[in-house]
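Number of protein chains: 2
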Amino acid sequence: MPQLRIALAQINSTVGDIAGNTRLHLDWARQALGARAHVVVFPEMSLTGYPVEDLSLRSTFAQASRQAVDDLAGRLVEAGCGDLLVYVGYLDLDEAGPRDAAAALYRGEVVARQFKHHLPNYGVFDEHRWFKAGQTLDVVRLHGLDIGMVICEDIWQDGGPVTALGEAGVDLVVAPNASPYERSKDDIRLPLVARRAAEAGAPLVYANLVGGQDDLVFDGDSIVVGANGDLLGRAPQFVEHLLVVDLDLPAGGHSAEGEFAGLKVRRRVLGTEPAAPYEPLAEVPISEPLSDEAEVWSALVVGLRDYVRKNGFRSVLFGFSGGIDSAVTAALAVDALGPDAVYGVSMPSKYSSAHSREDAAELARRLGCHFRTEPVEDMVEVYVNQLNLAGTGLAEENIQARVRGMLLMALSNLEGHLVLATGNKTELAVGYSTIYGDAVGGFAPIKDVFKRHVWELARWRNAEAEKRGETPPIPENSITKPPSAELRPGQLDTDSLPDYALLDDILDDYIEGDRGYGDLLAAGFEPETIDRVLRMVDRAEYKRRQYPIGTKITFKAFGRDRRLPITNGWREGDQR
Amino acid sequence: MPQLRIALAQINSTVGDIAGNTRLHLDWARQALGARAHVVVFPEMSLTGYPVEDLSLRSTFAQASRQAVDDLAGRLVEAGCGDLLVYVGYLDLDEAGPRDAAAALYRGEVVARQFKHHLPNYGVFDEHRWFKAGQTLDVVRLHGLDIGMVICEDIWQDGGPVTALGEAGVDLVVAPNASPYERSKDDIRLPLVARRAAEAGAPLVYANLVGGQDDLVFDGDSIVVGANGDLLGRAPQFVEHLLVVDLDLPAGGHSAEGEFAGLKVRRRVLGTEPAAPYEPLAEVPISEPLSDEAEVWSALVVGLRDYVRKNGFRSVLFGFSGGIDSAVTAALAVDALGPDAVYGVSMPSKYSSAHSREDAAELARRLGCHFRTEPVEDMVEVYVNQLNLAGTGLAEENIQARVRGMLLMALSNLEGHLVLATGNKTELAVGYSTIYGDAVGGFAPIKDVFKRHVWELARWRNAEAEKRGETPPIPENSITKPPSAELRPGQLDTDSLPDYALLDDILDDYIEGDRGYGDLLAAGFEPETIDRVLRMVDRAEYKRRQYPIGTKITFKAFGRDRRLPITNGWREGDQR
Chain A
1 MPQLRIALAQ INSTVGDIAG NTRLHLDWAR QALGARAHVV VFPEMSLTGY
51 PVEDLSLRST FAQASRQAVD DLAGRLVEAG CGDLLVYVGY LDLDEAGPRD
101 AAAALYRGEV VARQFKHHLP NYGVFDEHRW FKAGQTLDVV RLHGLDIGMV
151 ICEDIWQDGG PVTALGEAGV DLVVAPNASP YERSKDDIRL PLVARRAAEA
201 GAPLVYANLV GGQDDLVFDG DSIVVGANGD LLGRAPQFVE HLLVVDLDLP
251 AGGHSAEGEF AGLKVRRRVL GTEPAAPYEP LAEVPISEPL SDEAEVWSAL
301 VVGLRDYVRK NGFRSVLFGF SGGIDSAVTA ALAVDALGPD AVYGVSMPSK
351 YSSAHSREDA AELARRLGCH FRTEPVEDMV EVYVNQLNLA GTGLAEENIQ
401 ARVRGMLLMA LSNLEGHLVL ATGNKTELAV GYSTIYGDAV GGFAPIKDVF
451 KRHVWELARW RNAEAEKRGE TPPIPENSIT KPPSAELRPG QLDTDSLPDY
501 ALLDDILDDY IEGDRGYGDL LAAGFEPETI DRVLRMVDRA EYKRRQYPIG
551 TKITFKAFGR DRRLPITNGW REGDQR
Chain B
1 MPQLRIALAQ INSTVGDIAG NTRLHLDWAR QALGARAHVV VFPEMSLTGY
51 PVEDLSLRST FAQASRQAVD DLAGRLVEAG CGDLLVYVGY LDLDEAGPRD
101 AAAALYRGEV VARQFKHHLP NYGVFDEHRW FKAGQTLDVV RLHGLDIGMV
151 ICEDIWQDGG PVTALGEAGV DLVVAPNASP YERSKDDIRL PLVARRAAEA
201 GAPLVYANLV GGQDDLVFDG DSIVVGANGD LLGRAPQFVE HLLVVDLDLP
251 AGGHSAEGEF AGLKVRRRVL GTEPAAPYEP LAEVPISEPL SDEAEVWSAL
301 VVGLRDYVRK NGFRSVLFGF SGGIDSAVTA ALAVDALGPD AVYGVSMPSK
351 YSSAHSREDA AELARRLGCH FRTEPVEDMV EVYVNQLNLA GTGLAEENIQ
401 ARVRGMLLMA LSNLEGHLVL ATGNKTELAV GYSTIYGDAV GGFAPIKDVF
451 KRHVWELARW RNAEAEKRGE TPPIPENSIT KPPSAELRPG QLDTDSLPDY
501 ALLDDILDDY IEGDRGYGDL LAAGFEPETI DRVLRMVDRA EYKRRQYPIG
551 TKITFKAFGR DRRLPITNGW REGDQR
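Sequence order for the protein chains is A and B.
According to UniProt numbering, the first sequence is numbered sequentially starting from 1.
According to UniProt numbering, the second sequence is numbered sequentially starting from 1.
Because the hints were derived from the structure by calculation, they are not lab data.
Don't take every hint at face value.
Put simply, identical chains are the same to the list, so a pair is met inside one copy or across any two.
[Unchecked claim] Think about it this way: if two alpha-carbon atoms lie no more than 35 Å apart in a straight line, the pair counts; the simulated DSBU-like pairs of lysine-lysine are:
{"hint": "1", "residue 1": "Lys-350", "residue 2": "Lys-556"}
{"hint": "2", "residue 1": "Lys-350", "residue 2": "Lys-481"}
{"hint": "3", "residue 1": "Lys-467", "residue 2": "Lys-481"}
{"hint": "4", "residue 1": "Lys-350", "residue 2": "Lys-543"}
{"hint": "5", "residue 1": "Lys-264", "residue 2": "Lys-481"}
{"hint": "6", "residue 1": "Lys-481", "residue 2": "Lys-132"}
{"hint": "7", "residue 1": "Lys-467", "residue 2": "Lys-350"}
Work out the full structure, taking the sequences as your base and the hints as a guide.
Shown next as structure tokens:
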């Protein structure tokens with residue numbers, strides 16, 4: 001017979017928007033109360049958003065965050081949620097420095113306050129820079145049940161805070177998280193959470209953030225796992241959701257305090273009376289995880305939508321070339337923002353083929369988005385004539401790409417749309433793009449998608465449309481024709497690059513797999529091809545630095561989490 | 001009577017160029033031998049360069065670095081330097097992870113190998129990401145003298161490795177460093193090193209890197225300080241230099257091993273015979289530090305020169321507008337690379353004043369650099385006509401700046417020069433620049449110099465020229481006229497911005513001083529002005545992300561060491 005109902009508020013906070021996030025907390029706490037929950041758990045740093053990066057170092061921001069926690073405690077009471085135990089994540093600051101903190105609010109008071117113990121400092125995480133680690137564990141007793149708390153990375157550590165809670169004794173562990181989505185990570189959360197629940201000897205409640213924030217996207221996927229490893233609840237991915245779960249907890253009457261596994265356990269009693277008996281939920285709420293392609297597509301849609309929205313834009317503008325990259329970007333943008341918020345521009349030059357113009361127009365027809373044509377021949381001609389660029393190769397090719405970038409920026413200045421860059425990860429890796437040309441934009445939705453994967457996503461999205469009886473958004477011709485930048489007559493990508501299947505294989509090994517020259521050779525690639533690809537990658541670092549950010553779907557995306565020096569005399573390709 | 005001669009090789013390594021850095025080590029070891037030194041100390045990570053950033057995470061790079069140390073030991077013997085004790089910095093890798101390491105080489109062998117203990121993780125440093133900390137201290141006995149070693153940040157820690165060496169007993173401490181230049185840092189190195197020498201009860205040898213690496217510049221300023229705090233030698237700033245110092249060391253015959261201050265001390269005897277008596281140096285070699293303006297100017301010159309050189313360029317190209325920013329950039333570029341490597345382009349539009357064109361031409365005449373005029377009216381006109389930009393304000397203004405950026409990039413593609421962006425820190429802070437326009441370039445030399453300081457540097461540089469009987473490089477008119485972007489008739493910077501003196505005061509407090517709204521109010525600024533400036537700074541984060549890198553002269557420069565989220569609902573200006 002369950003005697004505690006817990007709600008996990010899988011919300012989409014915005015970094016820095018403390019006032020907006022506070023309203024979000026009040027709304028979702030009211031919903032939890034409406035669902036007759038006794039406890040509601042918000043994600044890690046839910047009041048400030050995550051990652052706050054160097055905002056953590058501004059003491060005025062930390063003070064605003066601390067003040068917001070105190071204010072929220074009072075406003076929850078005003079909203080009738082005083083008897084609800086509310087776990088909220090925020091930024092704290094004390095004499096040691098900034099803290100990744102969570103507080104428990106009850107009857108207008110902060111009844112527990114704890115700092116993250118294990119600070120990840122790899123990939124997208126720089127937490128040794130942003131925070132100081134905590135040393136205490138605050139356990140509260142509600143309705144006679146002892147509830148402990150750990151924050152995010154704390155559950156990834158053997159012999160860490162969960163071990164300490166297990167030794168000290170608790171009936172339930174809540175874990176606020178801000179765990180970014182990562183592709184091709186097998187589902188390691190569930191077995192990990194199950195292992196920690198066993199270690200704690202109590203169910204573990206894993207509440208994760210959802211939504212896009214800069215180049216990260218959080219997938220939610222909040223879960224509750226029993227001490228025996230049973231999955232007791234799972235929220236859907238990529239949407240805000242209140243997951244409500246009934247728990248049948250044996251009140252252990254734990255009372256041990258003091259040091260466990262190097263951490264100081266403190267206890268506080270809020271109430272010893274069992275909760276009034278109530279009608280349990282009819283079902284265990286377990287959502288099915290998405291398929292791999294659906295998961296990636298959702299991540300890209302949510303990442304784009306939230307970047308646009310959180311930065312105060314309402315619409316996006318970019319070039320429709322007739323090629324696969326702009327077609328997939330357009331389909332993502334329409335899924336994210338609706339057709340009326342998407343503005344396509346065809347910018348033909350004298351080298352643009354008839355089929356490109358037709359494919360671009362067909363894409364716009366299928367999507368129902370805005371579309372216009374702005375030829376660039378006159379603009380290109382002035383440069384070519386004044387600077388004598390005819391026949392100069394690179395200089396003449398780049399001018400076409402740059403004229404287009406400027407044209408998009410002028411339309412953005414006139415009409416207020418966010419410009420999107422449509423480049424993919426393969427191009428970015430090997431530097432096959434024109435800086436200030438096709439690299440122009442405030443956001444690059446498919447920046448972390450290899451070319452081969454762009455095609456796969458296009459086919460998958462079209463097939464989904466067909467399943468639903470809708471028009472497939474992407475013209476078949478854009479998927480099947482050989483890719484070309486069309487910057488000179490008859491140009492094909494394969495003039496400058498190895499075949500994409502081969503190229504993506506090498507890049508996957510070199511970038512995602514961190515494999516060196518010797519490994520690639522052992523894998524059977526031709527020495528000349530390895531050499532050629534690795535040199536292209538090593539030399540393109542400068543371009544990548546100036547490329548706009550885009551949603552990460554792997555942790556080996558280019559950007560903050562892959563920092564190589566711009567000047568780099570050493571080349572992996574020299575190490576054979 | 002001295003019995004040990006020590007050389008500090010203040011060299012300019014290049015990140016990643018292990019082969020080139022190895023040659024540098026052999027050259028300077030030979031010089032040290034020629035100066036009859038017994039020991040030569042190279043800076044931190046001298047073989048790999050510093051900072052290697054995420055290259056530390058590539059195991060093939062770490063293996064190449066380890067191999068280079070072994071090879072160097074052998075090549076030193078071949079070069080006749082076998083009896084010289086050579087301290088060299090490099091990247092190591094063991095089962096725990098990558099290490100910021102230093103090795104002592106002697107007679108073809110690695111006789112000591114130690115990892116940095118304290119890993120800084122603030123400002124420009126992310127060492128918790130790049131390295132694992134060491135736990136051992138290797139002391140070697142040469143000519144009966146016990147020599148211990150600590151690496152860079154290790155000397156900034158109370159109760160750290162220096163304390164351990166002091167407790168265990170040594171006669172000398174060598175400290176390889178990669179300590180970047182920072183303006184307005186009082187000279188804290190000397191008193192710190194003196195304090196640590198006292199703690200060690202032995203002289204401390206502080207060998208620092210010199211030269212520009214990406215956006216950092218190392219000033220050298222290597223020093224030797226006696227146990228009593230006496231300055232025994234100081235190298236000049238911003239140049240490669242071999243500092244040779246004679247030391248009179250009492251052989252203490254220390255032998256304690258085991259754990260001290262939590263670190264494990266190991267000892268190895270290379271030789272117990274005192275060095276043969278020799279003729280001591282006639283003088284104590286102590287260079288005078290530079291004045292503040294000379295120091296900043298040197299940092300900017302060296303940072304620019306090394307960025308150009310280390311990236312394989314030979315010349316630079318940028319717009320000569322007639323204004324102060326491009327004039328100071330041009331003077332820096334000529335000091336860094338010589339007049340023949342500097343290409344100025346005047347790009348007048350219909351709003352450009354006659355005096356601007358004249359001032360630009362006069363600048364080129366004074367510097368003796370290349371100069372050409374490319375009017376942009378025709379290019380601008382095509383955009384304005386096709387897109388109906390006339391009278392649209394921002395869109396029309398930006399097109400002019402962007403046409404210029406594209407023109408510079410086309411010339412760069414044709415002739416191979418590196419394009420420089422000439423913007424200053426004030427513009428960058430408040431977002432007073434056009435992305436893909438005047439922000440175009442691979443390097444921004446005065447990116448970290450506030451506008452007021454740009455004028456000061458111009459006056460200082462002109463005065464220096466006059467002292468030497470040379471033509472002042474910067475036209476007086478460029479210094480005295482009111483600044484204008486000249487993107488519309490009669491435009492002045494003060495139309496959009498507060499007066500620069502006031503603006504720079506607020507920016508200095510907000511950015512360098514990390515002061516909040518309340519502090520600025522207390523400092524006497526008008527609430528409306530604070531509000532206006534802080535909002536401009538908070539909103540310009542996106543532009544700053546896409547701005548090229550430039551030499552840092554403060555640790556509050558924009559770039560890697562100041563990471564704010566792009567989306568930031570919270571505003572300091574809202575906190576009043």
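Each hint tested on the structure:
1. For the identical chains of this complex, Lys-350 and Lys-556 are neighbours neither inside a copy (38 Å) nor across copies (48 Å), given an alpha-carbon limit of 35 Å.
2. With identical chains, the CA atoms of Lys-350 and Lys-481 are at most 35 Å apart within one copy only, with a shortest distance of 20 Å there and 45 Å across copies.
3. In this assembly of identical chains, the alpha carbons of Lys-467 and Lys-481 lie at most 35 Å apart only when taken from the same copy (24 Å versus 68 Å across copies).
4. Taking the shortest alpha-carbon separations for Lys-350 and Lys-543, both the intra-copy value of 27 Å and the inter-copy value of 33 Å come in at or below 35 Å.
5. In the homo-oligomer, the alpha carbons of Lys-264 and Lys-481 never lie at most 35 Å apart, since the shortest distance is 64 Å inside one protomer and 65 Å across protomers.
6. When the C-alpha separation of Lys-481 and Lys-132 is checked against a cutoff of 35 Å, the pair qualifies neither within a copy, at 54 Å, nor between copies, at 50 Å.
7. Neither within a single protomer nor between protomers do Lys-467 and Lys-350 lie at most 35 Å apart by alpha-carbon distance, with minima of 39 Å and 58 Å respectively.
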